[in-house]
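Going line by line, the protein sequences match chains A and B. All residue numbers for the first sequence refer to full-length UniProt numbering, where the first residue is 1 and numbers rise by one. All residue numbers for the second sequence refer to full-length UniProt numbering, where the first residue is 1 and numbers rise by one.
Everything labelled a hint here was simulated from the structure, so no lab data went into it. Be aware that a few hints might be false.
List time: in silico SDA-like cross-link candidates among lysine to any residue, alpha-carbon distance up to 20 Å [to be verified]:
no., chain 1, residue 1, chain 2, residue 2
1, B, K89, A, T5
2, A, K296, B, P36
3, B, K116, A, T5
4, B, K53, A, M23
5, B, K73, A, Q83
6, B, K115, A, R7
7, B, K73, A, I203
8, B, K73, A, F215
9, B, K46, A, R200
10, A, K15, B, E105
11, A, K293, B, K89
12, A, K296, B, K116
13, B, K89, A, I216
14, A, K15, B, P92
15, B, K73, A, E204
16, B, K89, A, R200
17, B, K115, A, K15
18, A, K296, B, R206
Taking CB as the label site, the calculated pair distances span [stated by the list, open to error]:
no., chain 1, residue 1, chain 2, residue 2, range
19, B, N167, A, F238, 54 to 62 Å
20, A, R4, B, Q65, 31 to 39 Å
21, B, G14, A, V40, 51 to 59 Å
22, A, A198, B, K68, 44 to 52 Å
23, B, G126, A, A198, 29 to 37 Å
24, B, P12, A, V165, 41 to 49 Å
25, A, E167, B, K68, 50 to 58 Å
26, B, E6, A, I174, 57 to 65 Å
Which residues of chain B face chain A? A few of them, derived with a C-beta cut under 10 Å, are [said to hold, decoys possible]:
no., residue
27, I45
28, Y49
29, E51
30, T55
31, G57
32, R79
33, L81
34, F102
35, E105
36, V106
37, E108
38, R150
39, V153
40, N154
C-beta atoms are modelled at their ideal positions from N, C-alpha and C, and glycine is treated no differently.
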Amino acid sequence: MSIRTLRRHFRESGKSLARNGWMTFASISAVTVTLLLVGVFFVIMMNLNHIAENIQKDVEIRVHLDPAADDNNKDLIGQKIEQISAVDTVAFSPKEKELTNLIDEMGEDGKTFKLFEQDNPLNDVYVVKTKEPVDVVKTAKQIEKFQYVQNVKYGQGYVEKMFDVVEVARNIGIVLILGLLFTAMFLISNTIKITIIARRREIEIMRLVGATNSFIRWPFFLEGAWLGILGAIIPIAFIAAAYSYIYDFVSPRIQIKFVELLEFNPFIWQVSLILLLLGAVIGVWGSLMSVRKFLKI
Amino acid sequence: MIEMSEVSKIYPNGVSAINGITVKINKGEFVYVVGPSGAGKSTFIKMMYREEKPTTGSITVNGIQLSKLRNTKVPLFRRNLGVVFQDFKLLPTLTVFENVAFAMEVVEEHPKDIKKRVMEVLDLVGLKHKARMVPTELSGGEQQRVSIARSIVNSPQVVIADEPTGNLDPETSWEIMNILEEINNRGTTIVMATHNRDIVNNLKRRVIAIDNGRIVRDEQRGEYGYEY
Ligand SMILES: Nc1ncnc2c1ncn2[C@@H]1O[C@H](COP(=O)(O)OP(=O)(O)O)[C@@H](O)[C@H]1O
Ligand SMILES: [Mg+2]
């Protein structure tokens, strides 16, 4: 297709937007509302996910060894753990070190534990990290069965819960988003339908004089794309502004370990690109539905 | 040029519009298609530019066998045909020039060629001086001349006209006929369905008479021969 033809298609699509006035406005508004909700939800989801990942990344399996185990047994257990394919790192932490850690962690109160230095009640520990957070539970269960392993500790349930919460939130979100996207698409396809009907005679003549089908369709695809892209502008601007504000306000005030927001750059750029693409896709898709139905060519 | 062999057309609603037509129209011919209304003239003509497909039989136009023509190739096929209708089919928002240029734009001709060629055909139909007017500012005859200009602007080998004078008074009809005759003299084949007895009987050409979807008469330099 020549540049000249492309220019013509752009011009025609622009003319339709102007001519359809209210329908154009309604379609763009629908896309705006949809993408606004999608965008806000997406930003929340991604941050939750980020926090969940931070926590999960930190989850380690602590393998407490039976005090009866001798050095040989301990080495053997270490080797066996290393052989598990999901395991990333294994570190041995003798009970003396465990006690120092404990004392350090407790601060002032920890001093009382110094009494135990002579008769250390703690176990030797293997600290295991998996390659993927999801494998923690499975791996822990596997290690628990080894001989001379007294017990195994990890995340204590909150790992699973975290996954569940993120999963449920995501599923609800997806259903919601799909519903909204579908509505916006439907409105766009209606606008295109009106354009097609308004241009019926023009299309009829184009076909008589030998315009190719793609030549006839192009302006309608562009019109759909415009509706989607124009509808994405306000959501992008809003989300960028709001996120920048919230980020600046919230980040310095968060004291909780693991909880941090995704950085504005590049996160918001990615979100903007996604919203823009989503807008264009539902626009083109909407027009595709109409073109297929009303332009039997 | 145009060949039909044992062509029949039954519309989806069961109406049998064409019932076994075999005919051959040669290059450069001028052919009238006459017959009472409902005889099947429009259907006969529509099958030539593949607006309708025959139910049975085969049609060849410009060496292309239409039954083998894929849908995506129809636009290219149509570029070798000009089509003219009773109701002109002009775009009301475009000027005379733009209406004719439209046919060249949609087949992606170069703007320079478009300007030159459009003025050429407007000259041929005698409307060069009205190029900037819109259709509503023209008489019926003038509008039909614009539509003829558009039909020939891409230099087709065949012009197909379905009652081009149906909405016009006798005098204007003759203006149209003079233009069509001129186009024919330059070598373009013309197939024209008509109800105009006066024209058929005075400007003598081949006449194909259709009744009930069949050819009932086919004469060189024929007469209209009906009482309608
Ligand atoms: N699109 C159509 N669908 C169904 N029947 C049609 C259609 N077009 C024409 N017909 C029928 O086919 C017959 C021939 O019509 P037509 O070719 O228009 O005749 P003419 O042009 O000679 O008046 C008529 O009975 C008409 O009602
Ligand atoms: Mg007819």
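Each hint, compared with the structure:
A threshold of 20 Å between alpha carbons decides the hint, and for B/K89 with A/T5 the separation of about 23 Å lies outside it, so the pair is violated. At roughly 32 Å between alpha-carbon atoms, A/K296 and B/P36 are farther apart than 20 Å, so this suggested pair is violated. Under the criterion of a C-alpha separation no larger than 20 Å, the hint pairing B/K116 with A/T5 is consistent with the structure, at around 19 Å. Of the pairs offered as hints, the one joining B/K53 and A/M23 is violated, with about 37 Å between alpha carbons and a cut-off of 20 Å exceeded.
Distance hint between B/K73 and A/Q83 is unfulfilled; the C-alpha atoms sit about 65 Å from each other, more than 20 Å. The hinted pair formed by B/K115 and A/R7 meets the criterion: a straight-line CA distance of about 18 Å does not exceed 20 Å. Between the alpha carbons of B/K73 and A/I203 the distance comes to roughly 17 Å, so the proposed pair stays at or under 20 Å and holds. Of the pairs offered as hints, the one joining B/K73 and A/F215 holds, with about 13 Å between alpha carbons and a cut-off of 20 Å not exceeded.
Using a Cα cut-off of 20 Å, the hinted pair B/K46 and A/R200 holds, with the two alpha carbons roughly 19 Å apart. The hinted pair formed by A/K15 and B/E105 meets the criterion: a straight-line CA distance of about 17 Å does not exceed 20 Å. With a C-alpha separation of about 24 Å, the suggested pairing of A/K293 with B/K89 is violated against the 20 Å cut-off. Proposed proximity of A/K296 and B/K116 is contradicted: the alpha carbons are some 34 Å apart, above 20 Å.
Distance restraint check for B/K89 and A/I216: the Cα-Cα separation of roughly 17 Å lies within the 20 Å cut-off, and the hinted pair is therefore satisfied. Of the supplied pair hints, the one linking A/K15 and B/P92 holds, its CA atoms being roughly 16 Å apart against a limit of 20 Å. For the given pair, B/K73 sits about 17 Å from A/E204 by alpha-carbon distance, which is consistent with the 20 Å threshold. Distance check on the hinted pair: B/K89 and A/R200 sit about 11 Å apart at the alpha-carbon level, within 20 Å; holds.
With a C-alpha separation of about 23 Å, the suggested pairing of B/K115 with A/K15 is violated against the 20 Å cut-off. For the suggested pair A/K296 and B/R206, the alpha carbons sit about 36 Å apart, so the restraint of at most 20 Å is broken. In this structure the hint that B/N167 and A/F238 lie 54 to 62 Å apart at CB holds, the actual value being about 57 Å. A/R4 and B/Q65 have their C-beta atoms about 34 Å apart, which keeps the hinted 31 to 39 Å range intact.
Distance hint check: the CB atoms of B/G14 and A/V40 are about 58 Å apart, consistent with the given range 51 to 59 Å. A/A198 and B/K68 have their C-beta atoms about 36 Å apart, which leaves the hinted 44 to 52 Å range violated. For the pair B/G126 and A/A198, the supplied restraint of 29 to 37 Å holds, since their beta-carbon distance comes to about 33 Å. For the pair B/P12 and A/V165, the beta carbons lie near 58 Å from each other, so the given range of 41 to 49 Å is not met.
For A/E167 paired with B/K68, a C-beta distance near 56 Å keeps the hint of 50 to 58 Å intact. In this structure the supplied range 57 to 65 Å holds for B/E6 paired with A/I174, their Cβ-Cβ distance being about 59 Å. For B/I45, the suggested interface contact is broken, since its CB lies about 13 Å from the closest CB of chain A, more than 10 Å. Taking 10 Å as the C-beta cut-off, the interface hint given for B/Y49 holds, the closest approach to chain A being about 8 Å.
Taking 10 Å as the C-beta contact cut-off toward chain A, the hint placing B/E51 at the interface holds, the least distance being around 8 Å. With a least beta-carbon distance of about 19 Å to chain A, the hint placing B/T55 at the interface is violated under the 10 Å criterion. Look at B/G57: its Cβ only gets to about 23 Å from chain A, farther than 10 Å, so that hint breaks. This hint holds: B/R79 has a C-beta 4 Å from the nearest C-beta of chain A, less than the 10 Å allowed.
Annotation: B/L81 was flagged as interfacial toward chain A, and the flag holds, the nearest CB pair being 8 Å apart, inside 10 Å. The criterion of a C-beta within 10 Å of any C-beta in chain A is met by B/F102, whose closest approach is roughly 7 Å, and the hint holds. Here the hint on B/E105 is kept, as its CB sits about 7 Å from the closest CB of chain A, short of 10 Å. For the restraint placing B/V106 at the interface with chain A, the shortest Cβ-Cβ distance is roughly 4 Å, inside the 10 Å limit, so the hint holds.
Because the closest C-beta pair between B/E108 and chain A is about 5 Å apart, less than 10 Å, the hint holds. A hinted interface residue such as B/R150 counts as satisfied when its beta carbon comes closer than 10 Å to some beta carbon of chain A; here the least separation is about 7 Å, so the hint holds. The restraint placing B/V153 at the interface with chain A holds, with a minimum CB-CB distance near 8 Å, inside the 10 Å limit. Because the smallest distance between the Cβ of B/N154 and any Cβ of chain A comes to about 7 Å, under 10 Å, the interface hint for this residue holds.
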